[in-house]
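> When you get a sec, could you build the whole thing from the sequences and use the hints?
The primary structure of each chain is shown beneath.
2 protein chains.
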Amino acid sequence: MSILLNGNIITPINNSVKEAMEPFEGKALNLKSLGKENQKALKAYKEAIDKIYRTIEAKDEDSIILTSSASEAASQVFMSMYLQYILTGRKNSVIISARASIAEIKLARFLESQGCRVYRIPATIDGTLDVELLKEYLNSKTALVSVPLVDEESGVIQPIEEISAACALQGVPLFCDASGAIGKIPVSVARDEVTFMSFDGSAIGAPKDIAALYIRKDAPEIMPLVFGCDSEQGGLRAEIKDIAKVIGFAKALESAIDALDFDIDDLRDLRDDLETELLKMDNVYSLAPWALRTPDRIIMAFGGVHASMLLERLAQKGVEAYSFATFDNRNFERQSLIDIANLDSGLKHTVVGFSLSLSNTKEEIEEAAKIIKETVSEIRENFSSDLCKESK
Amino acid sequence: MSILLNGNIITPINNSVKEAMEPFEGKALNLKSLGKENQKALKAYKEAIDKIYRTIEAKDEDSIILTSSASEAASQVFMSMYLQYILTGRKNSVIISARASIAEIKLARFLESQGCRVYRIPATIDGTLDVELLKEYLNSKTALVSVPLVDEESGVIQPIEEISAACALQGVPLFCDASGAIGKIPVSVARDEVTFMSFDGSAIGAPKDIAALYIRKDAPEIMPLVFGCDSEQGGLRAEIKDIAKVIGFAKALESAIDALDFDIDDLRDLRDDLETELLKMDNVYSLAPWALRTPDRIIMAFGGVHASMLLERLAQKGVEAYSFATFDNRNFERQSLIDIANLDSGLKHTVVGFSLSLSNTKEEIEEAAKIIKETVSEIRENFSSDLCKESK
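Protein sequences, first through last, are from chains F and Y.
What the first sequence shows, in my numbering, is residues 410 to 801, in sequence order.
What the second sequence shows, in my numbering, is residues 410 to 801, in sequence order.
Mixed in with the good hints there might be a few duds.
Stated by the list, open to error - Computed cross-link-like contacts, BS3-like style, restricted to lysine-lysine with a CA-CA straight-line distance of at most 25 angstroms:
(1) F/455 <-> Y/726
(2) Y/726 <-> F/726
(3) F/436 <-> F/468
Said to hold, decoys possible - FRET-style restraints, in silico, Cβ to Cβ:
(4) F/735 <-> Y/577: 36 to 44 angstroms
(5) Y/452 <-> F/682: 48 to 56 angstroms
(6) Y/456 <-> F/689: 21 to 29 angstroms
Said to hold, decoys possible - Which chain F residues stay away from chain Y? Per the calculated CB distances, all over 10 angstroms, these:
(7) 416
(8) 427
(9) 541
(10) 578
(11) 594
(12) 611
(13) 643
(14) 668
(15) 678
(16) 688
Calculated directly from the structure, the hints in this document are not laboratory data.
Even glycine gets a Cβ: it sits at the ideal position worked out from N, Cα and C.
Next up, the structure:
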């Protein structure tokens, strides 16, 4: 069995989620049918939707639609703003974070290709969005501000209340992907006052390929992205047919929120143990402030160690970590964590992350620490590259 | 257990598909990882994609991307044509069938709201698209023709080779949803010469919420609809994360194609037995020619019997049928089968369909025939409505 330290990217389905899904799995369910089994499924479906509302503290008058991913939710929000506000000349710009997700980066590029202005707001030295700079670019012609609640690479929690206050002042809608936040920190659309919020099931023990898009009652009009038979989705998205998946998603959200009350502290302790161990090595840098990171994350530069090689060797030894370093300097003009932390640029290719989840045991983490340290040393001994020299 | 006669809408997952999925289900798989289990998943994923290519006789140089539904595939094709050809003024119209799916109807309406011309080509008396009329509307400014391979309500097979020849003559791309055809009749993009084709897993014993979009090599440029991390999807759609689902989908397609060689004849016989039984009733009309229908389908008008009531009572007795009659005269300007067949318009609300699948047994079908006949009589006796009088 592998030691999974890429829980921010993907997690196995939780056992409690499997149990909740089991009565509905693999069946030919049709929510419009009045047959007994289908009526049972409809009841469970409605309870699941209610559960999703409660999870993020949404109001009954707000809308929540189910999508196949947070990327789909982002695409729907960006494209709606484009088609209804930018294309019609009512608005002319969008603002994203210079630390945006791949979906946001690609959507922003599409908008640019259509003549829309895109402003990319960098992070300050602590890894949080520069809100003062954001305010300078915000105006009545801004169609959308999009900032993830948690930085997907570093796990740094963004000042979303400040950002939403700045947006509200100009009447600009705010889209916030909370996929990295759900189950790690409290998430509340009531408190954060976002206009749109997405959250994906992939990283919380839910089945894959399901997510939700929250739409505040007074949000600008959203149009469908996936057109089709949409009676269960308020006219905004073709129906999701896999009822078991919807039920599993809601159960996973509930469990993730419940975990915030106690389990999450154990997770943070385990994470801290691993980080302390790894920082005992030379030429290793933690890239995000402890107090600002979600409790599952470690993000580090391993001087002289190419991230892709470290990932590969760790995977072969049964430890799954993650890295965005391979993206950064190719097609994706994303502000790098190394630049943010003001470190030597030679470290850019050495950034690797570890994201713990509730299923990780103390034994696993001790074993992982050993393997990571050993692998870093091994690579440093065998590959005394230019990269290595540069970063010394 | 219910008797499922709505296999065109949804089917349970086949046992062979479950078996194929099992080794990959519920796990945290990451196709980019070099870990052993992930590499095994990557191999199975690639085999699944190959299998999908072979299923529809696509060439290596063509593209196939995975989507969450055929509705998503249709949305991607329509929106790409809109954004790249209609919005730029290079094209100015689209042509759909007057028997289009809900997704196509809604997409067409969206295009109309943006100033695009939409032509809706009716079906002739046998239920097939009027190709001569199509030819009159086709011209060099047509952005897209969209015709499903099989009529979703009646099961009538459309003359797609003729349609594609007419489109090719004008250099117009043809989008064809083959979801109702796969596993019922041979489907080949080589023979049918379509530009785009979609096929959904919902009706072939696959897991739900997965479909594929075929894109011929020389097709007009398609853009992403769901933007995101798309390295496994040729840059055209955010990745599908549920690897088990992809493997199950490919297996279901393979099984559906294999069934064409022998099982499908038994299915046709069973279907014919049921139809013969039902036609023994008075005031019952078969609405599509036997020779043109896929072997799973029966579509009938039951004079004096409101479709929604029949569906409801059948479901309560454990028989799941389907009906589009409740849609037709409300929001959806779809040409009705009753008009096509030149029958009394009072029959419009009485149209119910039955779609058999390979899991249906002879005993089930005999039982279903009994229940349907009994329920039709019951409704006729108890509800001598205006509708009933009208249709006599």
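> Now tell me if each hint is right for this structure.
Results of checking the hints against the structure:
no. : hint                                : result
1   : F/455 <-> Y/726                     : holds (24 angstroms)
2   : Y/726 <-> F/726                     : violated (56 angstroms)
3   : F/436 <-> F/468                     : violated (32 angstroms)
4   : F/735 <-> Y/577: 36 to 44 angstroms : holds (43 angstroms)
5   : Y/452 <-> F/682: 48 to 56 angstroms : violated (36 angstroms)
6   : Y/456 <-> F/689: 21 to 29 angstroms : violated (44 angstroms)
7   : 416                                 : violated (8 angstroms)
8   : 427                                 : violated (7 angstroms)
9   : 541                                 : holds (29 angstroms)
10  : 578                                 : holds (29 angstroms)
11  : 594                                 : holds (22 angstroms)
12  : 611                                 : violated (6 angstroms)
13  : 643                                 : holds (14 angstroms)
14  : 668                                 : holds (17 angstroms)
15  : 678                                 : holds (22 angstroms)
16  : 688                                 : holds (25 angstroms)
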